[in-house]
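Protein chains in written order, with this note's numbering: chain A, 4 to 423; chain B, 2 to 296.
Calculated from the structure, these hints are not laboratory results.
Idealized CB from N, CA, C, for every residue including glycine.
Accuracy of the hints is not assured; some may be wrong.
Said to hold, decoys possible - Among chain A residues calculated to face chain B with C-beta under 8 Å, some are:
no. : residue
1   : P213
2   : I220
3   : A276
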Amino acid sequence: MSLDRRSFIAGSAALAAPLVLPVQVFAQEKIVRFTLPQDFTRIYTFVTSEYNQGQRDYFTLVNDRGGVGGYKIVADITDHANDLPRAIEAYERGKREGAVLIDPLSTPVARALVPRALEDKINMITAYSGRSDAADGSAFPYVLPLSINYWTQAGLIIEQFKKTEKGSLKGKKIVFVHIDTPFGKEPLPILNVLAKKEGYELAAFPYTPPGNDQSAIWPQVRRARPDFVIFWGAGVGQTVALTEAIRNGLPMDRVSGSVWLSESDMDVVGREAAKGVMKVEPCVGGREPKVIKDILADVVGKGKGAGPENKVGTGYYNYGVQMATLMVEGVRKAAEKAPNGPVTGPWLNEGLRSITNFTADGLLPPTTITKDDHQGGGMGRIARWDGAKFVPITDWYSANQDVVWEEIRKNSEEFKKSGK
Amino acid sequence: MDWILLAELSTNGVFVGLMYALVSLGIVLIYKTSGTANLAQGAIAMTGGYVTWALATLVGVPIWLAIPAALVIMFGFGLLMERIALRRMIGQPVIMTIMLTLGVEIMLRGILPGVFGAAVKRLDIGMPQQPLFVGELLLNRATMIGGSISLLLILLSLFFFNSRFGVVMRAVADDQTASWSVGIRVERAIAVAWGLAAVSATAAGVLWGSTQGVDWSLSLLLIKALAIAILGGLDSIPGVLIAGVIVGVAESLATGVLDPLVGGGSRDVVAAVIILVTLLLKPHGLFGRHHIERV
């Protein structure tokens, strides 16, 4: 049997068509490209996999339902390992490929990318990381925390302590145990200002990173006889801090962490032993929120989940979903304003900065992003570990925002003047 | 001055120092027999912690069985490491062998969290968490038990060096060529030293893993272990014991006394200062032997 040239080309084309066609169809779809270079392998490993899993599952949910505002979301995932050259390379690659949003989930990386993001007009999400003063949208138009910064979290915790003491912290002693890094020291200005305002005594105990041995710190904390303890770190520093607090007999119901405390941490410390400890919740945890139920049914249930099913609904997973819902809401708003794009950083920026009273069907507190406020209103709540899960003990609230915004403006003014 | 706090920090420092010393023991064992500084000891402790956790959690072996099983596996790991990597370096400059151990350290630190996931793992060996008060003084049960077990294991290794095989290892340490000439299997003695070093590292990995959780940061024990080995003398087991206590107490007191004055961070400086001062003033450490070379 002979095969002439025409038959060969026709046959080849027929064979190749199914492989090529979906790409062409996809290429014809309107897409919004996000780049998510995150640290999967070095420092932020305690959160990245769950956070990123939540983001990918939500994007799958949105895309499978036809996208948002006529656009599908394309998310490029890479590992920057908290390494600045790798992160910058990933950023530049994302920019070349048309990404209009980057979420690096790393304070040093976010800080390094601020000048580039501002110049290139690429929206950089800095949830629970980066600069706290990026809440000031007038100074950082393309840097968007979209969530409560560390100063607000400290303010929320102090307010909760005050409530516990029936409205007055006068004469009380609050101990702040923190990792000895810029991130660990970040709440100190707010805690100091509030100490003067509320009349409590503040004692700070720094520990050396990564915090794997704090055995000499906690006896000092115990002997300081604190009324309340705030511990501030991440990863192994958090679990060791909590373990040492328990070994020193500190009452857990007077100990609080920031947003960086998860179910996985409780597994390491011992679920029963850690009963009573508090944390700041920026969004609802667990599987009850509608959006998490939808993911379970339509993404995980159909075998399209991005990671282990048992991680769906953990605190950090839901933080990822929280951020993804805000990004997608930004796209929706942008498409509302300019349905035909063009899809650029400024196009998405308009959408992100017009998110109003958004709750993602009850997953997050009412969040409003404006051109001035990139924090979203500064609402969070306090949850307490009951041995099995974190149970909210307050409603959504914001607190001490006057003090927080004074600090934000002080720092953002400095940035406007010096670029630092 | 809060004397009770100082007493508490000192007591705690003794036990923590003994736990560090257990990591250091492996460095000394290997140096004593082969004259090589093993910079992979921290990562081997981390590996031992991961193996124990994997046996107990992933395989479902009861912890009382998982620990001895991990010790046996890691003994084999030490033997293999010597056979596959270290023995090939015979005849090469010592610095190359040391660089090889550093390479192993970096490789293990990358591979283990990559395979098992980088999140901190719980290793529950049944140590009680409740505080133990003696008057106003609090004794940290976890470090107290960990320190006591470490002390026991270090004393056992002292007895081992007085056994028949221990004498063989000492002979190898003294003069490898002379040992060969009288029929001692030098390679086997060095391989056993690597196996025992891996066992002591694993025991330390389990004890530290049970107090802080198992993750990559267990490999940071190397810095403390090096400080102890250098201060005590790289070839002295009693030196490890005493230097361990000195380093532990110094670190603990620095945190309590210096940190409030300098704003924190003095704990890790202690190990570095001890390494520098010892090498400058007493290079063979407190109990190390001076090597006299005949020319």
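- Which hint numbers doesn't this structure obey? none
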